[in-house]
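So the protein sequences, as listed, match chains A and Y. Residue 21 in numbering that gives the first Met the number 0 is what sits at position 22 of the first sequence, and the numbering runs on without skipping anything. Residue 45 in numbering that gives the first Met the number 0 is what sits at position 46 of the second sequence, and the numbering runs on without skipping anything.
Treat the hints as calculated values from the structure; they're not laboratory data. Some hints here could point you the wrong way.
[Claimed, not checked] In silico contact screen, one side only, chain A against chain Y (beta carbon under 10 Å); selected entries:
hint	residue
1	Gly-40
2	Leu-43
3	Val-65
4	Gly-66
5	Ala-70
6	Ala-75
7	Pro-81
8	Phe-82
9	Thr-84
10	Asp-87
11	Asp-97
12	Asp-114
13	Trp-135
[As the list claims (entries may be wrong)] Which residues of chain A face chain Y? A few of them, derived with a C-beta cut under 7 Å, are:
hint	residue
14	Val-12
15	Asn-13
16	Leu-62
17	Gly-99
18	Pro-113
Just so you know, even glycine gets a beta-carbon here, dropped at the ideal spot from N, CA and C.
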Amino acid sequence: MSIIVKRPATLVVNDEERAISVAIENHTWLISPRDLESAIGWELREEGLCRGDVCVPVRDKNLLEVGNDIALDRVAETLRRPFATESDPPMAVIGNPDSGSRLGSESAPNFSLPDIDGNQVSLDDYAGRKRLLLAWSSW
Amino acid sequence: MEELKDYDFTIIAIALDEDVDAIRQWARDEPTTPLTYPVLVDRDFIFAETYGITNVPSTVWIDEAGNVVRPPAITPGDDTFKDFTQIDSSVHHEALRAWVRENTPPMSPTELRERIVPAGESLSLARAERRLSMHLLRAGHQERAAVHLATAMELAPEDWTIHRGSMPVRGEDPFGQAFFDFYQAWETAGRPGYAP
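Next comes chain A alone, as it looks inside the complex (with noise of 0.2 Å):
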């Protein structure tokens, strides 16, 4: 097997720059087993693609695998997410769910967000109260 030379990239994951080394053959990203737990929480086991008890399954496991390295790309594809990349210089962005799939679920998705004054809040920081949240901006 031919041996794959990686480079330092990062990848966004929510709002966070993550740093990983990272292979990009024919477009694909190919990434350690160990970076991909590390930079998106993920794991790759027998039952499928893992984050602590939730499990997604995965069809052929052969296609996420690439020699010793898991392709990104099929990951964000297994989970659903969008991905988008830039080569030069290597960054990558693992998007959110599809917002509609989200909020139809029974309960709001927490976010966590800084407030002016650089204290991070969240929306369960005002658990059990009626919260009306407003988007606005200075555009």
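Chain Y: place on chain A using the hints.
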């Protein structure tokens, strides 16, 4: 807000802005009385994408049990842009009072389900491309950032959050000609994605 202060209710304001300083300044200077609710900054449109916000100002209502009782809807605070929005703000204000004070649900469960529309593949990908462009821009790669922003706009030609929201970083005036051109195209297309 003031008249609802005795109820177990809070507003959480979320600013979809790259310029955090501008928001901070607004929150300190603009309000006539000090703000009694949190103002969060969503540079990466995390909230906007999770909740499928297609334009501003939009509101989402969440009840005590943590369920969405009113999905994202464009909600002007007053009637300044009534001609544009075709929305009467007093209708929203009345519904809000009834919900907070008397627990009157703003819509039936059936209507609620109908209103939650999946973003679909191209809008989801457009959002990822938009986010990629913002991170490239912050890292100083203007040219590649512009390419990915163009891809995002191509994938979601009628999404206000992507189009108008990127005008400041594209060097266009969100209240100028570029905005009116976009508005005209959107109006001609039959106001897609519009949920008043």
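Checked hints:
1. Gly-40: violated, 16 Å
2. Leu-43: Since the shortest Cβ distance to chain Y is 22 Å, the answer is violated.
3. Val-65: Not OK, violated: A/Val-65 not within 10 Å of chain Y, min 22 Å.
4. Gly-66: violated, 26 Å
5. Ala-70: This hint is violated: A/Ala-70 lies away from chain Y, its Cβ roughly 17 Å from the closest one there, beyond 10 Å.
6. Ala-75: holds, 9 Å
7. Pro-81: The hint holds - A/Pro-81 has a Cβ within 10 Å of chain Y, the shortest such distance being about 4 Å.
8. Phe-82: At about 7 Å, which falls below the 10 Å cut-off, the nearest Cβ of chain Y leaves the hint on A/Phe-82 intact, so it holds.
9. Thr-84: holds, 7 Å
10. Asp-87: holds, 7 Å
11. Asp-97: Since the shortest Cβ distance to chain Y is 5 Å, the answer is holds.
12. Asp-114: holds, 5 Å
13. Trp-135: holds, 5 Å
14. Val-12: violated, 10 Å
15. Asn-13: With a closest approach of 6 Å, the A/Asn-13 hint holds.
16. Leu-62: violated, 19 Å
17. Gly-99: A/Gly-99 check passes; min Cβ-Cβ to chain Y is 3 Å, inside 7 Å.
18. Pro-113: With Cβ-Cβ at 6 Å, under 7 Å, it holds.
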